[in-house]
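S.K.: Given next are the chains, with one letter for each unit.
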Amino acid sequence: MPKSSPSIDMTPMVDLAFLLVTFFMLSSSFRSDEAAVIDTPSSISDMIIPENVIMVSIDKDGRKFFGMSGKDEVKTRLLGSMAKKYNLKFTNEQVKEFVKMTNFGCDMKEMPAYLNLSSAERKNFKTTGIPADSVNNQLKDWIWYGNLEALSAGEEAFLEATDKGLEPEANDFKPKFILKVDGKAVYVRAKQVIDVFRDLNLNNLNFVTSLEHDPRKKE
Amino acid sequence: MAEIAESGGGGHDKGKKRAKKQSTKVDMTPMVDLAFLLLTFFVLTATFSKPKVMSLVYPAKPKITDPKINVEVNNAVTFLLAEDRIFYYEDAFYPEGNAKGKPATTLKEANFGGGEGSVRELLSKLNRFVLEKKVTLDADLTNKKIADTTYTRKIREAKSANEALKVLIKTDNDATCKNFIDLIDELKIADIGVIAPVDIMQSELDLIKAKTVK
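Listed in order, the protein sequences are those of chains A and B.
Plus 1080 on top of the position in the first sequence (first one is 1) and you've got our numbering.
Plus 849 on top of the position in the second sequence (first one is 1) and you've got our numbering.
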């Protein structure tokens, strides 16, 4: 008998390992780092969250957070408009930090200090969220300017797509409005946000939910 | 791969064909290590499902200049959400001693479940018109009697028909978002076309208070 080495053929195992690596790499999307933990209720709706969104989150204490998707320039312009309205100046570093954030929840006055913190420190930042009462409705301004910027960016993208000879659907380029509410939050708080949207005549809202089984469908 | 060093330097054994073949082997151990490291990383960090959204169209805010219209609601049910309980009444609200001489509205309680006295059971009874229509349309669709577009149009027509159930949702100050979303969910399951979240009236709040305070 030849002196066989104690090794075994690992080729199939390695093949499988790489297959799995490829699968997980392609299928996983990274969870973005959000300012608050929100435990959404479940529903039977199987509509996937759209790409182009303006999202208001409400955590279980009723604090409001604002976030939007879009390119860096869009967010930069949004912060510019808000800074002008609230007579604030931001340094280039602060603007860069703002663009990197997924969402945030603080008063406009706290914003410079908030942006100077690291993302880990921001989680412990004591804030009451974005004010949305009738006297000081900053959330309304965020949504209004966010919508304006998203619409103008969407228009550019639409024209670009038309130039390429595609037949784009104009609606796909408009921002969608998403409400991400914690199940434990009191509805009155969500209603404040809904009323802000309705004041701006944005009546088509979407609630983020996790999927549950539809009792109408058979197992 | 992962060959033990014993045969590692065997490539230089002179005159043996077997030895030459072995020399093409590369030690893949580090690569495999890396592959498994990556695999573990992706398995642990992967989030599979993208979050889902539930669409809800709110009625437009009436302008101050708009004339006030008193809407006669027929075939409606109003759900009242309290902290952890859900009440409902059918038709319009009639206060005690109203001009029309109808009996005063009393609240009935429902629950979120699938069984007796649940919202689902109630809605399937009240919205029978749409649900029965849907069953026949579903059958027509599977038998290819009607096209997809006709199906969606007819469903929409049925949902907005006069006989279809309309639902009003009112919440008191303690109602949670979970209950609200759960209720909307039940309405979608029961194919309710007209859903209107509206402000609660003081008289309704009083009724809830009478029910919840013992």
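Note that these hints are calculated values from the structure, not bench results.
Treat the hints with caution; some may be incorrect.
[Said to hold, decoys possible] Using 16 Å as the maximum straight-line C-alpha spacing, the simulated EDC-like pairs for lysine to aspartate or glutamate come out as follows:
#1 B:Lys1037 / A:Glu1153
#2 A:Lys1264 / B:Glu1012
#3 A:Lys1264 / B:Asp1023
#4 A:Lys1180 / A:Glu1153
#5 B:Lys974 / B:Asp1021
[Claimed, not checked] Derived, one-sided and incomplete: chain A residues facing chain B with beta-carbon distance under 8 Å:
#6 Met1090
#7 Val1094
#8 Asp1095
#9 Met1127
#10 Ile1129
#11 Phe1205
#12 Gly1263
#13 Lys1264
#14 Gln1272
#15 Ile1274
#16 Asn1283
#17 Asn1286
We put the beta carbon where it would ideally sit given N, CA and C, even for glycine.
S.K.: Run every hint past the structure and note whether it holds.
M.R.: Hints versus structure:
1. Distance hint between B:Lys1037 and A:Glu1153 is unfulfilled; the C-alpha atoms sit about 39 Å from each other, more than 16 Å.
2. Between A:Lys1264 and B:Glu1012, the direct Cα distance comes to roughly 36 Å. Violation of the 16 Å bound is thereby established for this hinted pair.
3. Taking the CA atoms of A:Lys1264 and B:Asp1023, the gap is near 10 Å; set against the 16 Å cutoff, the hint holds.
4. Taking the CA atoms of A:Lys1180 and A:Glu1153, the gap is about 12 Å. The hint holds against a cut of 16 Å.
5. A threshold of 16 Å between alpha carbons decides the hint, and for B:Lys974 with B:Asp1021 the separation of about 26 Å lies outside it, so the pair is violated.
6. Evaluation of the A:Met1090 hint against chain B yields a held restraint, the C-beta minimum of about 6 Å falling below 8 Å.
7. With its C-beta approaching chain B no nearer than about 5 Å, A:Val1094 sits inside the 8 Å limit, and its interface hint holds.
8. The interface hint given for A:Asp1095 is broken, as the beta carbon of that residue sits about 10 Å from the closest beta carbon of chain B, more than 8 Å.
9. Checking A:Met1127 against chain B: minimum C-beta separation of about 5 Å stays under 8 Å; hint holds.
10. Interface hint at A:Ile1129: satisfied, since its Cβ lies 5 Å from the closest Cβ of chain B, which is below the 8 Å cut-off.
11. Restraint check, A:Phe1205 versus chain B: the minimum CB separation of about 24 Å is more than 8 Å; hint violated.
12. Annotation: interface hint on A:Gly1263 holds; nearest CB of chain B at approximately 3 Å, less than 8 Å.
13. A distance limit of 8 Å between C-beta atoms decides the matter here; for A:Lys1264 the minimum to chain B is near 6 Å, and the interface restraint holds.
14. Look at A:Gln1272: its Cβ only gets to about 12 Å from chain B, farther than 8 Å, so that hint breaks.
15. A least Cβ separation of about 6 Å between A:Ile1274 and chain B falls short of the 8 Å threshold, and the interface hint therefore holds.
16. The criterion of a C-beta within 8 Å of any C-beta in chain B is met by A:Asn1283, whose closest approach is roughly 5 Å, and the hint holds.
17. A cut of 8 Å between beta carbons decides the hint on A:Asn1286: the least distance to chain B is about 4 Å, and the hint holds.
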